[in-house]
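S.K.: First to last, the protein sequences are chains S, W and A. Just so we're aligned, residue 0 is where the first sequence starts under numbering that gives the first Met the number 0, counting upward by one. Just so we're aligned, residue 0 is where the second sequence starts under numbering that gives the first Met the number 0, counting upward by one. Just so we're aligned, residue 0 is where the third sequence starts under numbering that gives the first Met the number 0, counting upward by one.
Check each hint, because a few of them may be wrong.
[To be verified] With a straight-line cut-off of 27 Å between C-alpha atoms, the simulated DSSO-like cross-links for lysine-lysine are: (1) S:66 to W:219; (2) A:206 to W:14; (3) S:66 to W:192; (4) A:343 to A:238; (5) W:14 to A:201; (6) A:297 to A:271; (7) S:25 to S:2; (8) A:294 to A:319; (9) A:313 to W:198; (10) W:188 to W:230; (11) S:25 to W:219; (12) A:184 to A:271; (13) S:26 to W:192; (14) W:198 to A:206; (15) A:221 to A:206; (16) S:66 to W:188; (17) A:296 to A:313; (18) W:14 to W:188; (19) A:184 to A:5; (20) S:66 to A:201; (21) W:219 to W:230; (22) W:14 to S:66.
[Claimed, not checked] Over 12 Å on every C-beta distance to chain S, these chain W residues come out as not near it, computed from the model: (23) 27; (24) 54; (25) 98; (26) 102; (27) 128; (28) 138; (29) 140; (30) 142; (31) 149; (32) 151; (33) 152; (34) 153; (35) 154; (36) 198.
[Said to hold, decoys possible] Far from chain W, some chain S residues (derived; all Cβ distances over 12 Å): (37) 27; (38) 31; (39) 32; (40) 33.
By construction, these hints were calculated from the structure, which means they are not laboratory data. Just so it is clear, CB atoms sit at the ideal spot from N, CA and C, and this is done for glycine as well.
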Amino acid sequence: MAKTGWVIFAEEQCKGCELCINACPKKLIFLTERLNQSGYPVVGATETDKCTGCAMCYLMCPDLAIKVERWTVP
Amino acid sequence: MNAVFARPRAMTEQKTHYCPGCTHGIIHRMVAEVIDELGIREDTVGVAPVGCAVFLYNYLDIDMQESAHGRAPAVATGIKRVLPDRIVFTYQGDGDLASIGTAEIIHAAARGENITTVFVNNAIYGMTGGQMAPTTLPGQFTSTSKAGRNTQSAGFPIRVSEMLATLEGATYISRVSVHNPAHVIRAKKALLKAFTVQKQGLGFSMVEVLSTCPTNWGLKPTEALAWLEEKMIPYYPLDEVKNRLEV
Amino acid sequence: MRTLMKGNEAIGEAAVRAGCRCFFGYPITPQNEIPEYLSGRLPEAGGVFLQAESEIAAINMVFGAAGAGARVMTSSSGPGISLKQEGISFLAGAELPCVIVNIMRGGPGLGSIQPGQADYFQATRGGGHGDYRTIVLAPCSVQEMVDFTYWAFELADRYRSPVLVLADGVLGQLMEPVTLPPELKPDNGNKPWATTGCRGRKRNVIKSLYLNPEELEAHNKKLQEKFGLMQREVNRAEKYRVEDAETVLVAFGISARISMAAVEAVREEGIKAGLLRPITLWPFPEGILQSSLPKAKKVLVVEMSAGQMVEDVKLTVSGKLPVYFYGRTGGLLPSAEEIQTQIKLLEVKVSERSLCQA
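Isolated chain S (complex conformation) (with noise of 0.2 Å):
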C-alpha cells in the first residue's frame, strides 16, 4: 500500500511566508518568482508524483492556500 498525493496551491491566497516549504518531508515545495496580486511571490512544487499527499504543507499554512488530495494505491 502506497500513498501518493496531489498538492494544489490557491496562488491569490499565499503570502510567500515559506512555513510549508519547511513542513514539506521531500522538500517538493519551493517559492517561485512569481507575484500575486497582493505583491507576494507565490509558491510552486516540483516532481509532484513524489508527493505522498502527507498534508504537512496544509498543515503549516496560515492561509488555507493549500489544498491536499491523497489517494492510496494498492
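Fit chains W and A to the known structure of chain S by using the hints.
M.R.: Just chains W and A, lined up with the frame of chain S:
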C-alpha cells in the same frame, strides 16, 4: 481518493489580514475544523477579541459577537447563560486575555463557566505594533522594552495556564504550540478536547496556543517558528496542564 | 392591588414583570437591594442572576446576553456606572437593547453613599466614548420606578439601544404603595439579528468596528437618525401649575418632589410659581418646557448637583428668560423651605441677577 485537506466549512472564503507567516491563520483553521468535526457550526456563537484577531468574525462562518478589550469571557458568559445549549467560545490574544482582561478570564474559569477559550500567546502586542505584553519573555526586545524586558522594572511574564489550573472551576487546560506539523496535530487534538468538554457540559476549558509574530519579533516566518521553539517553550512548557475529569 | 415596596426592590420586580430573565451586577451602595431582590426572584422565575467580578464584567455580560436576544438588566451607582461606560459605548455602537439603572449617590470620585443627581451629564451625553446617546428616564416615586423600568425594556427593544433609569438614593430606599404591572412572558424571539447559532439562516455578527471611514460614517449617520427618531418620539415631562406661573421651577426626580412642595407653599403666599418635571432627561423635553412658560418671567432650576440640567434648560429657554439655579451637593437634599426662600429671593431681587443667577 481517500482524503482531502482543504478549507473547512466553518471558514469563510475571505483572505485574512494577517502578516505573512503569522500562525493565527493555522489556529483559525483548527478551530473551524473542530467546529466541523463536532457538527456544531449552526449551534456555535464565537466571541472575537480586540487585537490582531479582532476580525475573526470575518473568517469564521458562524454567529459571532465582538467584545471590548479583554472582556470576551464576560461577553461569552452573558451569551452562554442565555443560551446554555449552544457552544460558546472566546478567541483571545495575550494582551487581551493576560493583561487588560485578567479579571474576566480568572473569574470565568473560577465560576466553571461552561465555555471554551482559545488563548493565542505570541509574547507581544501584535496589532498595536509590537509593544511589551504580560507574556513577553525576560530580555525580549519590544517597542516598549527596547533594551529587552527588564524584570526588575517590568516584572515577569505570566504563565496563564498554570495560574488558571489552580482554580477548581477549570476543567481542561492545555498548552500547545504550532511551530511544526506534529505540534499542529497535537494542538488540534487539544482544541477538540476543549470543545468536547464544553459540549458535555463539564465546565471551563482553555487551550493556550504558543504562536508567532514574525513582523514584530523582526524575524522571517520560518525563523519565528524556531524562536518559538527555542525561547518560548522553555518558559511556557507544553503540557496538558489540567485535565480534571480525565477527558 | 397595591403593594408596599422599597424603590430598589420595585425596580427588580418590574424588570421581572417586563420579561427580563437576566441580571448581571456588582454590589455598590445605595442600589444593593436591586441585586439582592433579583438574586432570589430571578432563579425562581427560571432566569439568570449572576454577581459579576466587576462592574466592567457585568456590563459586558449584559452585552453578551443582549446580543443573544435576551431582555437583560444591570444596576449600579455613580462610581460603578463610570466603570460601565466602556460597555455602554459598545452596546450603543453595536445597537444592543438593555436596561441600566443608576441609583445616584454623591460624587465626584468615591463621593458619598448619600443621594445625588450629579450623574446627569454622564447619563444624558452618552457617558462613554464616541457619538451616542441613550434614553434616560427619571422617576420621582416608587410607582414610577416600577412604571419606568417596565417602559425602559420596551424602549430598549424598540430602538435597539441601552436605556437608563436614573434615580437616586432616596428613591431607592423609599417605601411606597405601588400597583404592579401585568407579567409579560419572556420573549427572546423577533430579534432576527441576535447571535443564537446560525441554524437555518446566514450568520449574524454583532460588532461596532468599522475600519473603513466611509462605513463608520454611514454607521454613525444611521445611529444619529435613530437618536433623532428618539427625540421626536420619546418626550415626557409633568407640568404642575405652570399655566399662570411667573416663576417656573424645573427639577427632576426627588428634587422635583421637594420643589413641588415648595411651589404649593409659595402659592399659599400668593406667589405664582409652577413646576416642570422632565421625565425623559434625554431626549430633553424641550417642547414641553417651552410650552410651560406662557406667563413665566423667570426660571429656577433645582438639582442635587452643582448645576447640570440647568444647561439644557438654558439651551431650551435660549436667553428669552433669566434662568436661575439652586443646588445642593455632597449627598444633601434641598429642603422645601430652602427652595421657597430661593423663589422669594427671586421675587424681590429679580433685578439683582448676580445674586444667584446661574
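S.K.: Tell me, which hint numbers fail for this structure?
M.R.: As far as the earlier hints go, 9, 12, 13 and 23 are violated by this structure, in ascending order.
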